[in-house]
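Those protein sequences? They're chains W and X, same order as listed.
The first sequence begins at 4 in the numbering used here and counts up one residue at a time.
The second sequence begins at 898 in the numbering used here and counts up one residue at a time.
It should be emphasised that the hints constitute simulated quantities derived from the structure, not laboratory data.
Among the hints, erroneous ones may be present.
Said to hold, decoys possible - Derived lysine to aspartate or glutamate pairs resembling DMTMM-like cross-links, with alpha carbons at most 20 Å apart:
| no. | chain 1 | residue 1 | chain 2 | residue 2 |
| --- | --- | --- | --- | --- |
| 1 | W | Lys214 | X | Asp1018 |
| 2 | W | Lys118 | W | Glu54 |
| 3 | W | Lys195 | X | Glu1378 |
| 4 | X | Lys1179 | X | Glu1311 |
| 5 | W | Lys195 | X | Glu1311 |
| 6 | W | Lys195 | X | Asp1018 |
| 7 | W | Lys214 | X | Glu1378 |
| 8 | X | Lys1299 | X | Glu1364 |
| 9 | W | Lys214 | X | Asp1002 |
| 10 | W | Lys195 | X | Asp1511 |
| 11 | W | Lys133 | X | Glu1378 |
Said to hold, decoys possible - Now the in silico label distances, taken between C-beta atoms and shown as ranges:
| no. | chain 1 | residue 1 | chain 2 | residue 2 | range |
| --- | --- | --- | --- | --- | --- |
| 12 | W | Gln87 | X | Pro1031 | 53 to 63 Å |
| 13 | W | Glu257 | X | Pro1031 | 34 to 44 Å |
| 14 | W | Arg174 | X | Asn1043 | 19 to 29 Å |
| 15 | X | Pro1031 | W | Asn217 | 26 to 36 Å |
| 16 | X | Asn1043 | W | Asp219 | 29 to 39 Å |
| 17 | X | Glu1062 | W | Arg174 | 19 to 29 Å |
No residue lacks a Cβ here, since even glycine has one placed at the ideal position from N, Cα and C.
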Amino acid sequence: MLKRLRSLLSFPSPSRGLAGLAVALALVAGAAHGSEKGLVLGVFPRLHASETTTRYTPMAEHLSERLGIKVTLVVSRDFDAFWQGVEEQRFDIVLYNQLHYIRSSRTYQVVAHNKEFGKSTLAGALYVRKDSNITSLAQLRGRTVLFGGGEDAMIGYIAPMYLLLKAGLTRNDITARFAVNPLNSVIGVARKLADAAGSGDAVVEQPALRKAINTDELVVLAVTEQLLHLPWAVRRNMPSKLRETIQNALVDLENSESGRRVLKSAVLSGIGRAEDKDYNPHRIMVRAVAGSAALP
Amino acid sequence: MQGQGRVMRLGLGAKFTLTVLTILACTMAANALYSLYTSTRFHEKQLVERGRALGRLISLVSPEAILSFDFLLLNEYTRQVSAQPDVVYGVILSPDGAPLSAYIDRGDPLVRERTQETASDDVLWLLRKLDGDPVLIRLEFPIVHNDAHLGRFLVGISKTTLNNEFRRQLEVQLMALTALVLFLSMAIFLAFRHSVLFPIKALISASRDVGRGQHAMVEVKTEDELGQLAIAFNAMAEEVRQEQAKLHRQANFDTLTGLPNRLMALDRINHAISRASRSSEKFALFFIDLDNFKSVNDSLGHAVGDELLVATGARVQAILRDADTVARLGGDEFLVLVPDVVNELQAEEIAERLVRAISQPHTLSGRKVVARCSVGIVLFPENGNTVASLMANADNAMYQAKATGQGSAIFFTEDMNTRLRERMQMEQDLNQALELGQFELYFQPIFDTASGRHRGAEVLLRWQHPERGSISPAVFITLAEATGQIVGIGDWVLEQTCRYWAQWHRAGLGPEFLAINISRVQFRKRFSRRLSELIAIYEVPPSALELEITESVLLDDHNHVAEELNSLRAIGVTLSLDDFGTGYSSLSYLKRFRFDVLKIDRSFVAGLPTNGEDVSLVNAILAMAKGLGLAVVAEGVEHREQLDFLTEQGCALAQGFFLARPMDRQAYAAFLENIPVGEGVVQLPRNRNKQRIVRAG
């Protein structure tokens, strides 16, 4: 939609245009199963497709160079399409959220995690406005809580909802609304469209949010334990050597100049190693919020 | 433009160009302003349309972002909208008016103006501040999804750039228009100058030439109005040329004879002087005046007189070379200019040829007419080196020739000039003589020849010049007549005579009459009226005055003379014909004009009684007078024999030295006192010294 808007407004961006073209080509390709001639890198659509393409194209190129295998970035137009790709294992390498991994952990194996804003972890948090006079989770009963992302959002929904559950509130005790991502949920509270926002604890540090609202007007009502950040996973049937090579390639990014440029492009501080057990805390929260049926 | 120095002078070209420039400038400026205005209106509409397009688009795409609480996307929308040129702000408001997304161009001057006072980030406050600004176009679009009102999108578009562009375009267009107008004006001026000014200037130049008397024509290049004007001008110039030629002929040629006139003659003399001066040559001027031309006019009529003039001019022209000039100066005066004259002898030969040619008889209107002339001759440079001096000297010489007798030619001499100067000096002196009391009346008694009784006296005028002594009336009366001074002098004589007669009459001494000579010039000036006044003033009986008139008076306009004489006769004065026998002595005068007295001139009396001719003439006059019933007075009786003869022949009255010399007023009064009362007979002197006698008139 933004692209359409830009087009209408006659503000074409050459780089974004090319990126869009690449995305379109990838979409057309239907993210075909990992080609024998190369690997497919899938990135979950937490950002707009164009932004995702911009951020992660250098990553794909870097991996191609590092692995000696062509790595193709595939960006899905929405979460459904992305999840379908995960279920169909069309991605050889995939970056998604913690819930995605937990659900796909039978076919994908985590090898690394994101470090964002210098941190490998983040926590779910509930924000309220300072002028709302809400100081306890219990006060949210009957209130509107704007969660960042859908019910699949680990940090934007699962973790904040887990806090509410722990505080004795059920889903029915609140009016749950969903913003497209954690940033917008916080903005929505700042705009007084909801009483509380479910989001990540570090979201207020993000420049985009600081640019959009005055974060000083907000206060964190509750926060979860620290959870490992977004996982990088590869297909479990991938040769171990390739898996290790990919893992090393990701982890080594912050050790080289070219790697740091890739990280900067992806707006990441770094990528650290990860293994499956690192996401057990996440599994506990998912089980509490979504029930055991949500787990594989 | 003399006298209008302060008035700015603008030429036709400048005026036309200024007018065109003004019209062009106004028209094009108005057109440019209108174009700019419509263009601006169009662009303003486009701006609004662009705003509406943006608004509709945002209101179309926003519901999804609003419903999904994607504020960043909304921000992106508003950011993209506000990044558009001229967009000051893009704001998405919730249904209750809370801003969901706002992007304001803080760098825009409109915003800067309003945020200078306060650093408020309150979007709604700023919108309120901006609202109503004429430079800002505010558009609002509802955001609706499935009939649900999700909010409003406000976009503010600034017309600042448009206005600036308008001003810039205005400046550019004004500069372009100025250049264009100047260029067009220059082009129009050049075309105007070529097609209008040049022909007009040519006409002006030609007009000036015509004004200077030069024949000028202008070339007719076109058939338009200027061409017609040029044709009309040429026609006018041709008419002027012909008229000038006519005028030139009239101004320089005598219409009667076709000969050059005085003006042309003077010009020719001037040229002759220049030419002769350069070549050290001589030339001669012959001033010709026909003798007694007036008598030809009077006796044969003016038509014959004119024929005589034409014939004379032709005859003179016939005997001269082409290089010579014959001019008619006026009246019966001709001038002949003969260049390259070697000496006086050659001039004399030419003069003789002229006199001879003019003297040849003419047959005019069937009558044989013989004209004679007097010729004054001057030579350049001996007799003058200017036109004026040559003409004056030639004229002077001509008068001298005329004085010597008919049909003569005389060279100018310095003596003539001397006489002329004397004459001029006398003329000046004569002007003052009356005021200075230099005139004096003398009285010569007139006696009855039979009884010796004193009857009256002839009044004589003497001029006692302080340097030259007594001057003869024969000298100064002619001069006074020529200058017209005789009128004043004659009036003085008449008045003094009346005064004296009145004095003597009151003293009981009154003579029977006093005879006064009247000039022909005086006679022309309504003499009778003045005489009546004096008679009334001094109470003189008209019969006491005898007016002596010479025959020359009768030569003038007969009607006027007859009228005047009748008036005098009606007054009752005695009329005497003076110097009878010396002039024309036309008996017709005696018949036409009635006189009371005839005066026999002294020249006839002088030979009495021994000269047979004088005796016969006097006897004839006396017989004629007796027949006509006229009294006769004999003048110049100087001895007894003359008196006796006249007495015997019946001449009733006489005057002369033998009887009594002229005497001044006191002497005459004494003479009157000595006459015994009732007798009037005086003792005639026997031996008298000669005196100069002057006669009035």
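Hint numbers the structure violates, sorted upward?
3, 5, 7, 8, 10, 11, 13, 17
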